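Using the sequences and the hints, build the whole thing.
So the sequences go chain by chain: L and C.
When we follow my numbering, the leftmost residue of the first sequence carries the number 1, and every step to the right adds one.
When we follow my numbering, the leftmost residue of the second sequence carries the number 1001, and every step to the right adds one.
Don't read these hints as lab results, they were simulated from the structure.
Among the clues, some could well be false.
[What the hints assert, rightly or not] With beta-carbon atoms standing in for the labels, derived distance ranges: (1) C/Gly1227 - L/Thr97: 35 to 45 Å; (2) L/Thr97 - C/Ala1077: 36 to 46 Å; (3) C/Leu1226 - L/Arg179: 47 to 57 Å; (4) C/Leu1060 - L/Tyr16: 44 to 54 Å; (5) L/Tyr16 - C/Leu1174: 24 to 34 Å; (6) C/Ile1249 - L/Arg56: 48 to 58 Å.
Quick caveat, the model's predicted, so the values are computed rather than measured.
Yeah, the Cβ is synthetic: ideal placement off N, Cα and C, and Gly gets one too.
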Amino acid sequence: MDDRCYLEVEALSAGYTHPVVGPLSFSVRLGDILGIRGPNGSGKSTLLNAIAGSARIFSGRVVKRPGLRVSHQQQGALPLNDVPLSGRELLGLTGATGESLPAWIKPCVRRRLDRLSGGQLQFLQVWACLTAPVDLILLDEPTNNVDPPGVQHMAEELTRMRSSQAAMVISHDQRFLERVCTRVIDL
Amino acid sequence: MTVNLSVLIDPLFRLPFLTGLTFALVLPVLGMYLRLREEWLAALAFAQVAAAGSLASSILGLPPQAGALTCACGAAALKGWIARTGNNGYALLMIAGWACAMLMLANVPIAEHLGHALFDGQLYFTGIGHLAIALLFLGATAALLPWLSRPLLLERMFPDFFRASGLPALRYHLVFDLLIAAGLALATSSVGVFAAFGLVFVPSMIAYRIGPSWRASVAIAAGSSLGAYLVAFAAALLLDQPFGPVLVITLAGLAVSGWLVLALLQRRAATNLTAAS
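Pasting the structure below:
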């Protein structure tokens, strides 16, 4: 594995109680934005979970570059349960920068996360992973509930980070995938 | 009943006051992180196990605080080794600790006095040794919490963050478990089982409800706890009542008052909104 190769997936079959995705083989290199699409239940989220280490690998293997730093935005709302965390504090947890935040979301970062709308919360969750100081970003349906300006900013940030990072993006938004991804895997 | 205000400035109560004040500052802050992990029952579990350890030590002729600390930290290490999250393990520890303590109380006469002191709180009988240990614990918490805070919050909000990068997260949980176990063991020996539990549980509950951010909520938890402690300490002395129950009633009163004020504010806001529309 050379320095520019971040991840190699070899004949991977993954799931929880039984395999739900695979066998799959691919690699992710610096500058790649790999899109993953497929119908509901095809194992898109399971694939990302297997790479992140929270799904079971039944056969094959996932090889990460030693020291690879990974952020993973999981599908669905954050597990808030009344935790009094502000948007700014959420960004600070992953080491994400709030400087490049779009103007429309900046007033929200001082508020508690459980006082935000679903779309605002989703955007901050994605931004916390997207602008974290990591090598590989895993995004699972990042555009869910987000207004067009937010989707636009995500796409711009994904394009900008390609010089130093790589990403894998699951989305049902075909136009978003076509705009940001360097290649797409169909499951 | 006559109220003697001079007891409030009696030098006899200075060391107990400072010992309790130290725990009233540090336990609510730890309670914020216990609640973050949804493991608030740990506070009562460790307090009960510490009480049982303290009784066992006194029966064996050893220092009660050493037994409390050993048993509570042992329970924390066992829980960390089993690596189960949630309150089930803590519920088992709590009932086991309570049962052991009750059996010792029932069968060993020497344990009876200490048993009552542990459950009622024996703050007025604490000395320089208790204060020194409390301050040591405060220092350890102040040193460790900045290192623990971000990983504990990060693990809660992004559960995959450490695992995905192959970074170990268990050490943070184990150190926090040991810290909370040690804190409750030491606090139980000074303020009693339920007062220690109350200091962990109630201020953090209030702060979670009204805090505008994590940092502010930690300050609210510590501030409300210190306020309740000052009121309870003075009330217990002036009314000649046991400290532990007075503190618990004060904390409960604070929580109920907070709920009532919030409910009134929410009702008023809803009325204004209806009138405006």
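Using the Cβ atoms, figure out if C/Ile1249 sits within 48 to 58 Å of L/Arg56. Holds - the Cβ-Cβ distance for C/Ile1249 and L/Arg56, about 51 Å, lies within 48 to 58 Å.
For the range 36 to 46 Å, tell me whether the beta carbons of L/Thr97 and C/Ala1077 fit it or not. With Cβ atoms ~39 Å apart, the hint holds.
Quick one: are L/Tyr16 and C/Leu1174 within 24 to 34 Å, going by C-beta? 27 Å, holds
Could one say that the CB atoms of C/Gly1227 and L/Thr97 fall in the range 35 to 45 Å? Check passed, 38 Å falls within 35 to 45 Å.
Does the Cβ distance between C/Leu1060 and L/Tyr16 fall inside 44 to 54 Å? Taking Cβ atoms as reference, C/Leu1060 and L/Tyr16 lie about 49 Å apart, which means the hint holds.
Do the Cβ positions of C/Leu1226 and L/Arg179 conform to the proposed distance bound of 47 to 57 Å? The hint (47 to 57 Å, Cβ to Cβ) holds, given that C/Leu1226 and L/Arg179 are roughly 54 Å apart.
Consistency with the previously given hints is maintained throughout, with no hint failing.
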